[in-house]
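A.B. asks: Residues per chain, in single letters:
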Amino acid sequence: MLYDVNIDGKNHRLELNRAEGRWSCRLDGRELEVDAVLTQPDVLSLRIGNKAYEVKSERVGNDWYLSVGSTRFMTEVRDPRSLRGRTRSGDDQGARKIVAPMPGKIVRLLVREGDEVALGAGVIVMEAMKMQNEIKSPKKGTMRKILVSEGAPVNPGDVLGIVE
Amino acid sequence: MFKKILIANRGEIALRVLRACHELGISAVAVYSDVDRASLHVRKADESYPIGPAASSESYLNIPKILDVARRSGADAIHPGYGFLSENARFAQACADAGVKFIGPTAAAMDAMGSKTRARQAMEKAGVPFVPGTSRGVESLEEAEQVAARIGYPVMLKAAAGGGGKGMRLVQVANDLKGALESARSEAQRSFGDSEVYIEKAIINPRHIEMQVLADEHGHTVYLGERECSLQRRHQKVLEEAPSPIVDAEMRRRMGEAAVRVARAAGYTNAGTVEFLVDQHKNFYFLEMNTRLQVEHPVTELITGLDLVHLQIRIAAGERLPFTQEEVQIRGHAIECRIYAEDPDNNYFPSPGKIALLLEPSGPGIRLDSGMYEGWNVPIDYDPLLAKLIGYGADREQAISRLARALNEYFVGGIKTNISLFRRILRDKDFIAAKLDTGFLDRMLKQSEDKAVDSNAVNVAAVAAGVFAALSTTPSHATSTVTNEAISNWKTASRREALRSE
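Just so you know, the sequences run in chain order A and B.
Number 17 in our numbering belongs to position 17 of the first sequence; there are no gaps in the numbering.
Number 277 in our numbering belongs to position 277 of the second sequence; there are no gaps in the numbering.
There could be a bad hint or two in this list.
[Unchecked claim] With a straight-line cut-off of 27 Å between C-alpha atoms, the simulated DSSO-like cross-links for lysine-lysine are:
hint, chain 1, residue 1, chain 2, residue 2
1, A, K97, A, K140
2, A, K97, A, K51
3, B, K44, B, K65
4, A, K51, B, K451
5, A, K130, B, K446
6, A, K105, A, K136
7, B, K101, B, K65
8, B, K178, A, K139
9, A, K130, B, K178
10, B, K101, B, K125
11, B, K201, B, K446
12, B, K446, A, K136
13, A, K130, B, K3
14, B, K125, B, K282
15, B, K282, B, K201
16, B, K201, A, K97
17, B, K44, B, K101
18, B, K44, B, K4
19, A, K10, B, K451
20, A, K105, A, K139
21, A, K97, A, K139
22, B, K44, B, K3
23, B, K451, A, K136
24, B, K446, A, K139
25, B, K282, B, K435
26, A, K51, A, K10
27, A, K140, B, K446
28, A, K136, B, K354
29, A, K130, B, K65
30, B, K44, B, K354
31, B, K178, A, K136
32, B, K451, A, K140
33, B, K4, B, K101
34, B, K101, B, K201
35, B, K354, A, K105
Keep in mind the hints are simulated off the structure, nothing from the lab.
The task is simple: from the sequences and hints, build the whole structure.
C.D. replies: This is the structure in structure tokens:
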């Protein structure tokens, strides 16, 4: 099988096959001796040559993360033959949504529609787990729309506003 | 000795107390709100009782409901843990009135110490040094302006009923006083139901060092050494250690004796903590007394070899302190990391949700006081403290190296935690050199982290990604050979996604 693997935004080409319990592997054209055991559903014991690694897998929402040691990588895998590959969003051009990162309650709106906002400027104050937190603007631009009001409960992923 | 203790708390501290009960042969009663039915303290208790909806005011803060459970269960004592009702004098009094022993100080001692302003008045009498400022709440903006001008800026506004950094504001210049006073008052009202706010001179970048005291009901009061709690974020402690790297035997004796004077002045019994601010010249000032067991009590337990919860229970049962001040020995060094459900890469936003994967550290010198388990849903409704990881060593260096090793074993998947923050702290030059003050974390977090990408780790991740994809299914293609583990993996992943989209 041939895979396009994306680790923290960088693409790698991985050729990986398994026959009779043995793996053959080429990463970016380099041959690697690989031995892998799934020790529990999200924990892979991986040996490359004689070096041993424990790799932890985590899905958070639509994102997939792999942790090697204490480093966590945003990961995507695409089978090049598949037409259903996912594309990355987060395009910096055009409008950006401000999304609730957690369930909670809107405490205060710090800007109004039409206001200019700087990248990283606080726009909305949310309360969750007894703490108030400022939601920051994902880009510099104009606050085109605010979709919540003070006191409103929100769920993670809810769109709170749009910056253009 | 008590036969049955009701634990009026949740999370890791409920577990901590529950374990002490079982060690002493005492039956443990848990209470829980609707969202805590599956919590660990309910699973491990001998009896458990629902006490209402998620909102604390209708469950863990509801005195009549908790006393009703005490009566129905036949509990002869209540341990309040920390937070919630632990420093509520009305609750302590209500317990006494109901004939149930409150494991903690009396309502009168709590009253004397619970209000920070009244505590300052008592300290003035007992001759304990405290930070200049008002010993009662300010009535008006004009009064606040006058006081601030007299003691000099910067000043700190603090809620009289406060704790945990709530209702607290640092004011650098006179112009900011009005807004800060208003917001401190409204936060104090929201958090504690009391808007009283007082003013103190702000000591910039002090150390925050506290002294553990223990008093029995027969007039014996001892101190058990200090804890260095200077590593704070938003006035919330993040990492604590004992002993403090700057406190020597002589300073410990002076601080300890001052703390004992504080406790005696209040007629204090059971476990308590006297907090001091320490300036650059090692002058210490009384800050406040916490009339409960502290979150960070394990570091004291490790260096003294004492079990504070056992002692709390024994003292409440009327026993005498089983040792004298001279017999208290400090040995080794302990450091505690508070593991919070929060996202260090996203401004420390709380990160509730399901713990999809949990790998816990163990081994020499490691203690883990945890309230979570794999598959548990961290509720949004309470404090985000999940667990405390404590490292012990013969000296500070060994404690650090054991803790660093344990942090690398620790993995919490599915939600974000601040574990990576501790890895960073333990590597920090100033931390290793014990150059600590309350401004330490803000300064460290302002520096951009050295995020050199380890190309070998990247390669490992890339290979692992392919193996995971081959063994199970990735979001983009649900075909190929599937093992049993892979099926369950896929099922949980898709179930999780289905829940999210509801």
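A.B. asks: Does B/K65 lie within 27 Å of B/K101 when you go C-alpha to C-alpha?
C.D. replies: Since the Cα atoms of B/K101 and B/K65 sit roughly 16 Å apart, the hinted pair holds (cutoff 27 Å).
A.B. asks: Check whether the Cα positions of A/K130 and B/K65 lie no farther apart than 27 Å.
C.D. replies: Holds, because 22 Å separates the two Cα atoms, which is no more than 27 Å.
A.B. asks: Does the structure keep B/K178 and A/K139 at a Cα separation of 27 Å or less?
C.D. replies: Roughly 32 Å separates the two Cα atoms, so the pair is violated.
A.B. asks: Do the alpha carbons of A/K130 and B/K178 lie within 27 Å of each other, as the hint requires?
C.D. replies: holds (24 Å)
A.B. asks: Holds or violated: B/K4 and B/K101, Cα atoms, limit 27 Å.
C.D. replies: holds (11 Å)
A.B. asks: For the pair supplied as a hint, A/K130 and B/K3, confirm whether the alpha-carbon distance does not exceed 27 Å.
C.D. replies: violated (35 Å)
A.B. asks: Is B/K446 within 27 Å of A/K136, Cα to Cα?
C.D. replies: holds (17 Å)
A.B. asks: Within a Cα-Cα threshold of 27 Å, do A/K97 and A/K51 meet the stated pairing?
C.D. replies: At roughly 43 Å apart (the allowed maximum being 27 Å), A/K51 and A/K97 break the hint.
A.B. asks: Is it true that the CA of A/K51 sits at most 27 Å from the CA of A/K10?
C.D. replies: Between A/K51 and A/K10 the Cα gap is close to 23 Å, so the pair holds against 27 Å.
A.B. asks: Are B/K282 and B/K435 close enough, with their CA atoms no more than 27 Å apart?
C.D. replies: Roughly 13 Å separates the two Cα atoms, so the pair holds.
A.B. asks: Take a quick look at whether B/K178 and A/K136 sit within 27 Å of each other, Cα to Cα.
C.D. replies: holds (25 Å)
A.B. asks: Verify the proposed pairing of A/K105 with A/K139, using a straight-line Cα cut of 27 Å.
C.D. replies: Holds, because 23 Å separates the two Cα atoms, which is no more than 27 Å.
Going through the hint list in order, the structure does not satisfy hints 2, 8, 10, 13, 16, 34.
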